[in-house]
Amino acid sequence: KAGVTQTPRYLIKTRGQQVTLSCSPISGHRSVSWYQQTPGQGLQFLFEYFSETQRNKGNFPGRFSGRQFSNSRSEMNVSTLELGDSALYLCASSIREITDTQYFGPGTRLTVL
Amino acid sequence: AQKVTQAQTEISVVEKEDVTLDCVYETRDTTYYLFWYKQPPSGELVFLIRRNSFDEQNEISGRYSWNFQKSTSSFNFTITASQVVDSAVYFCALSDTTSGTYKYIFGTGTRLKVLA
Numbered sequence: 015k016a017g018v019t020q021t022p023r024y025l026i027k028t029r030g031q032q033v034t035l036s037c038s039p040i041s042g043h044r045s046v047s048w049y050q051q052t053p054g055q056g057l058q059f060l061f062e063y064f065s066e067t068q069r070n071k072g073n074f075p076g077r078f079s080g081r082q083f084s085n086s087r088s089e090m091n092v093s094t095l096e097l098g099d100s101a102l103y104l105c106a107s108s109i110r111e112i113t114d115t116q117y118f119g120p121g122t123r124l125t126v127l
Numbered sequence: 059a060q061k062v063t064q065a066q067t068e069i070s071v072v073e074k075e076d077v078t079l080d081c082v083y084e085t086r087d088t089t090y091y092l093f094w095y096k097q098p099p100s101g102e103l104v105f106l107i108r109r110n111s112f113d114e115q116n117e118i119s120g121r122y123s124w125n126f127q128k129s130t131s132s133f134n135f136t137i138t139a140s141q142v143v144d145s146a147v148y149f150c151a152l153s154d155t156t157s158g159t160y161k162y163i164f165g166t167g168t169r170l171k172v173l174a
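These protein sequences, in sequence, are chains A and B.
Just so you know, the working numbering puts the end of the first sequence at 127, numbered straight through with nothing missing.
Just so you know, the working numbering puts the end of the second sequence at 174, numbered straight through with nothing missing.
Pulled out of the complex, with its shape left as it was, chain B reads as follows (with noise of 0.2 Å):
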């Protein structure tokens, strides 16, 4: 079955402290998307980051880190020095070709609050 399970539903940190947002994912496939969006406050969801089952490399973006593991299911986002501004709720999500077609499954989410 295809699932996203993104078990922390919210975390708070302090200012300029790392946090890590952890995303497992279930899939029968061998070729697959793994994503990461933002959705601030005004509830646009903007793009993080996309990653194809067979780029297994991690990926680094000024503050932004991901931590592909195909051995867990896993694509951990870390998000390093954190700011208010990251305050937001973060989406995981998955595409395959599960029974034929493709589908986008999100996982429920993650809240950050930073705090300054």
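If we strip away everything but chain A, and leave its shape as in the complex, we get (with noise of 0.2 Å):
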């Protein structure tokens, strides 16, 4: 069974931007949740999308935005970007439950100049 899949693996980026990511989780995994990993912040969760909807958030600004398909991949977008929005962002997904076992994807490296 294919792991989770993320693209780009590499972005950069300037200041004012914005970007979309996308994730692609293991086939049957409906919860598609997305973390931000820095070195300052650690690791960091950002949302988790079920069904389409968003069910579970965590405390960003509202230029962190997200949404899932009807195939339960996922995008995330970041509006006017910033430079500490440099980070690696990582999906992860999981049968039904963000409790369930979750599956991590190798992760999007975004660096905002």
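Treat the hints with caution; some may be incorrect.
Anything over 10 Å on all C-beta distances counts as not near chain B; from chain A, calculated [unchecked claim]:
#1 Gly30
#2 Val33
#3 Thr34
#4 Leu57
#5 Phe74
#6 Arg77
#7 Phe78
#8 Ser79
#9 Arg87
#10 Glu96
#11 Leu97
#12 Ile112
#13 Leu127
One-sided and incomplete, this derived list gives chain A residues near chain B with beta-carbon spacing under 10 Å [claimed, not checked]:
#14 Val18
#15 Ser47
#16 Tyr49
#17 Gly56
#18 Gln58
#19 Glu62
#20 Ser65
#21 Asn70
#22 Lys71
#23 Asn73
#24 Leu102
#25 Ala106
#26 Asp114
#27 Tyr117
#28 Gly119
#29 Gly121
Simulated pairs of lysine to aspartate or glutamate, EDC-like, Cα-Cα distance not exceeding 16 Å [claimed, not checked]:
#30 B:Lys128 <-> B:Asp80
#31 B:Lys161 <-> A:Glu111
#32 B:Lys161 <-> A:Asp114
#33 B:Lys171 <-> B:Asp144
#34 A:Lys27 <-> A:Asp114
#35 B:Lys74 <-> B:Asp144
By construction, these hints were calculated from the structure, which means they are not laboratory data.
We treat Cβ as the ideally placed atom computed from N, Cα and C, and that holds for glycine.
Could you fit the two chains together into a complex? Lean on the hints.
The structure is reproduced here in structure tokens:
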């Protein structure tokens, strides 16, 4: 069974731009979560989607948004990029609940210049 | 408040030594879940174990074992006879419904270096 895939793997953007990251979960998994990992703040939960609805949310500003499609694939969008948004963005999928075992993708490394 | 503390920032051991990684958590929920993940240099988080708050049995999986003690709010992870391939950053995580929705909180991680 294929694992979680994320595209692109690397991105370089400039301040003020917006970016969209994509995540394809493991087949049959309906919950998709997003995390931000930085050296300073560590791993932080962004949000979780299930059945095309945001079900749980972390403490990030509204510039961070996401969506989920009917095939469970998910996208994350960051608008008006700031230097501090430079991070590794990880996507994870689980069968149904965020408390189920989560399987992580390789991440997208975003650099904001 | 919801919190996960991994006080050990970095540990270095020589191959074949046993090593224990500490994890202390805080939650007001009676139902919660604890996890351990491994992040090798490649960057991808690898799931190791999931434990719910009602299951205090210790678990052993090969060279890995976990000690869950609700009385001390700890969920420690021991690697027996460590190997160089165990070198990675290990994260402990907590998921509960503090504030009404599920949140997933990671500790700051412990970097384990196993020297040949």
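Hints and how they fare:
With a minimum CB-CB distance of about 27 Å to chain B, Gly30 (chain A) clears the 10 Å threshold, and the non-interface call stands. With a cut of 10 Å on Cβ distances, Val33 (chain A) stays outside the contact zone with chain B, its closest approach being about 19 Å. Interface exclusion of Thr34 (chain A) from chain B stands, the closest Cβ pair being 21 Å apart, more than 10 Å. Interface exclusion of Leu57 (chain A) from chain B breaks down, the closest Cβ pair being 4 Å apart, not more than 10 Å.
With a least CB separation of 12 Å from chain B, Phe74 (chain A) remains clear of the 10 Å interface cut-off, as annotated. Once the 10 Å rule is applied to beta carbons, Arg77 (chain A) is consistent with being away from chain B; the minimum gap is 20 Å. For Phe78 (chain A), the requirement that its beta carbon stay farther than 10 Å from each beta carbon of chain B is met, with the minimum near 15 Å. Remark: the non-interface label on Ser79 (chain A) is consistent with the geometry, its nearest Cβ contact in chain B lying 17 Å away (cut-off 10 Å).
Every C-beta of chain B lies more than 10 Å from that of Arg87 (chain A), the closest at about 19 Å, which supports listing it as non-interface. With a minimum CB-CB distance of about 22 Å to chain B, Glu96 (chain A) clears the 10 Å threshold, and the non-interface call stands. Under the 10 Å C-beta cut-off, the non-interface status given to Leu97 (chain A) relative to chain B holds; the minimum distance is some 21 Å. Taking the minimum C-beta to C-beta distance to chain B, about 5 Å, the non-interface status of Ile112 (chain A) is violated against the 10 Å cut.
Interface exclusion of Leu127 (chain A) from chain B stands, the closest Cβ pair being 21 Å apart, more than 10 Å. A distance limit of 10 Å between C-beta atoms decides the matter here; for Val18 (chain A) the minimum to chain B is near 9 Å, and the interface restraint holds. The restraint placing Ser47 (chain A) at the interface with chain B holds, with a minimum CB-CB distance near 7 Å, inside the 10 Å limit. Hint status for Tyr49 (chain A) relative to chain B: holds, with the closest Cβ pair at about 8 Å, below 10 Å.
Given hint, Gly56 (chain A) at the interface with chain B, holds; its Cβ is 5 Å from that chain's nearest Cβ, closer than 10 Å. Taking 10 Å as the C-beta cut-off, the interface hint given for Gln58 (chain A) holds, the closest approach to chain B being about 8 Å. At a threshold of 10 Å, the smallest CB-CB gap from Glu62 (chain A) to chain B is about 7 Å, leaving the interface hint in force. Nearest Cβ of chain B to the Cβ of Ser65 (chain A): about 15 Å, over the 10 Å cut. The hint is violated.
The criterion of a C-beta within 10 Å of any C-beta in chain B is met by Asn70 (chain A), whose closest approach is roughly 5 Å, and the hint holds. Proximity of Lys71 (chain A) to chain B holds as hinted, the smallest CB-CB distance being about 7 Å (cut-off 10 Å). Annotation: interface hint on Asn73 (chain A) holds; nearest CB of chain B at approximately 9 Å, less than 10 Å. Interface restraint check for Leu102 (chain A): the shortest CB-CB distance to chain B comes to about 7 Å, inside 10 Å, so the restraint holds.
The interface hint given for Ala106 (chain A) is met, as the beta carbon of that residue sits about 8 Å from the closest beta carbon of chain B, less than 10 Å. Of the supplied interface hints, the one on Asp114 (chain A) holds, with its beta-carbon coming within about 8 Å of a beta-carbon of chain B, less than 10 Å. Annotation: interface hint on Tyr117 (chain A) holds; nearest CB of chain B at approximately 6 Å, less than 10 Å. Interface restraint check: Gly119 (chain A) against chain B, minimum CB-CB distance 7 Å, threshold 10 Å, status holds.
Hint status for Gly121 (chain A) relative to chain B: holds, with the closest Cβ pair at about 6 Å, below 10 Å. Taking the CA atoms of Lys128 (chain B) and Asp80 (chain B), the gap is about 14 Å. The hint holds against a cut of 16 Å. Distance check on the hinted pair: Lys161 (chain B) and Glu111 (chain A) sit about 11 Å apart at the alpha-carbon level, within 16 Å; holds. For the hint pairing Lys161 (chain B) with Asp114 (chain A), the CA-to-CA distance comes to about 13 Å; that is within 16 Å, so the pair holds.
For the suggested pair Lys171 (chain B) and Asp144 (chain B), the alpha carbons sit about 8 Å apart, so the restraint of at most 16 Å is met. Between the alpha carbons of Lys27 (chain A) and Asp114 (chain A) the distance comes to roughly 34 Å, so the proposed pair goes past 16 Å and is violated. A distance of roughly 11 Å separates the Cα atoms of Lys74 (chain B) and Asp144 (chain B); the hinted pair therefore holds under the 16 Å criterion.
In this structure, the earlier hints numbered 4, 12, 20, 34 are contradicted, and the remaining ones agree with it.
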